[in-house]
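From just these sequences and the hints, can you work out the full model?
There are 2 protein chains.
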Amino acid sequence: MTLFLRRAATTIIGLPLVVLFVYLGGKLFLTLCCAVALVGLREFYVAFSKKDRLIHVIGYLATIGYFGAISEFGAGNWLLIALTFFVITVQTCLVVFFRTLPISECITTVYGFLYVPFMFSFVVLVREHAFGHYYVWLILTASFGCDTFAYLTGSLFGKNKLKNTPSPSKSFEGLVGGIIGATLIGLVYGVVINHFFGEKDAAAHIVLIATVISFFGAIFSIIGDLAASAVKRHCEIKDFGNLFPGHGGVMDRMDSIVTVAPIVYMAMTVMFWFVGLEI
Amino acid sequence: MTLFLRRAATTIIGLPLVVLFVYLGGKLFLTLCCAVALVGLREFYVAFSKKDRLIHVIGYLATIGYFGAISEFGAGNWLLIALTFFVITVQTCLVVFFRTLPISECITTVYGFLYVPFMFSFVVLVREHAFGHYYVWLILTASFGCDTFAYLTGSLFGKNKLKNTPSPSKSFEGLVGGIIGATLIGLVYGVVINHFFGEKDAAAHIVLIATVISFFGAIFSIIGDLAASAVKRHCEIKDFGNLFPGHGGVMDRMDSIVTVAPIVYMAMTVMFWFVGLEI
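Residue numbers (my numbering), protein chains in the order written: chain S, 1 to 279; chain B, 1 to 279.
Please note that a few of the clues may not be correct.
[To be verified] Simulated pairs of lysine-lysine, DSS-like, Cα-Cα distance not exceeding 30 Å:
hint	chain 1	residue 1	chain 2	residue 2
1	S	K50	S	K159
2	B	K50	S	K232
3	S	K50	B	K232
[To be verified] If you want the footprint, here are the derived chain B segments under chain S, 3+ residues with CB under 8 Å:
hint	segment
4	66-77
5	92-104
6	171-181
7	254-263
[Claimed, not checked] Pairwise CB distance ranges, derived in the manner of DEER restraints:
hint	chain 1	residue 1	chain 2	residue 2	range
8	S	L3	B	K27	35 to 41 Å
9	S	R233	B	L3	44 to 50 Å
10	S	L61	B	P245	39 to 45 Å
11	B	K27	S	T165	15 to 21 Å
12	S	G246	B	L208	56 to 62 Å
13	S	V176	B	A35	55 to 61 Å
14	B	V270	S	A8	49 to 55 Å
Since the hints were derived computationally from the structure, they do not count as laboratory data.
As the structure is a prediction and not an experimental result, all values here were calculated from the model.
Note that the Cβ used here is the ideal one computed from N, Cα and C, for glycine as well.
Right under this line is the structure:
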């Protein structure tokens, strides 16, 4: 019960703050996202390496450089350059510290960057998109909504457990409930926005786009959740950290966000491209 | 001596073909680069996993998708989307094949994609750049020029061996000779282009830009070469393959290209940005 209360308290304090910062957007939101990505990245690195290592600093600097490139130039060429520069820097470390640096550490450093800050940066890319202030909320509803509905449906109807998966205590019924629930939230959200902003700007097709985005978002929310469980099992840890009382570390809370955010960005880009909106 | 002859024969046949395809550019060049990247990627994967694995197919498909995105949309947003899609697909595999797929295989699959096709794709991005037909040649002169000059200088003056590095038989004098040689080639190339095309288009500042690009290109050619040696030592192999008689596999020949190409793209973008050319 204490755990439940701590979870609830963290949510009650944390969620309005998240909503506020997402609403504000801009440099403040970007800076906050960069900080969150840095903490999450450290959790990932320490989970794999069991300690801090000098090469991880390259990952942190790359994170700051990457978010800086987003802040200065938005999505596009400079992000590719930042990413490449990071990979080459890691390889340079491999050469310079040849005898003392296991190659597995280099590879994990690169993968961690992709897994945490790179994927997470799509939250900012969606928010700063011309129509992002409408669609960024779907990242939250798809991942947290799917989580909540999956938990509820699973508790009530869960019979067929997900054996041989990273989370064997979860059930197939829960997954389906989570996807349906999150998709419905997206549909309702689209209808509400459409009602208030009508068929103009990004609000055009928003019912369709929001529903489709939420559906795919929910599926990949589950994948993100299970993938993080697989990583945790591999690293033999229960949680990535203990920053949020009752919720674990940043990566325990963000495990779905990091897969949902790019999917939302992708779905937006693809669907805007189909309906002929500028991207 | 037989080895020398086979090397020479491969070069005499191969180099004019490379020059022809680079000169032609377009879809044919892009397709060829994609094929080369696929072969190189397989060499990398097999070096690490010691055999073909199902998950590698994701890497090959991602390579084709990535080069397809370059072909269709050029550098920018869609490349980020292709890359993200690939990472998420690998994580999906991790979830689906949880018990049979070691997480190290997932991480290596992602790293291999970045190391080979992603980095190599910058050859195409440079070539297809508005001024790329001037600058793409610097990728070849910086990497092969540096190799050749380093070999010559090292053979003649090499005294201080690079102990404790992945290539202990190479010498410090060789490195310096390689960098000076490649930079001089860049300078001469810039002067020649400037002479024939004058101070217009990309030819503006080409002497300066070509020299600077070649200098950094040569440094990162050496890093690429040593990093590949470190990978080979880790995987306990002498060569990545035996496709080119006397030269080894694709990755043995491309080990510098994959680090030089992004550096050339980066240096072009940064210097054009400084001199105020559109990028």
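### Message
For each hint given before, does the structure comply? Return the numbers of the non-compliant ones in rising order.
### Response
1, 6, 8, 11 and 13
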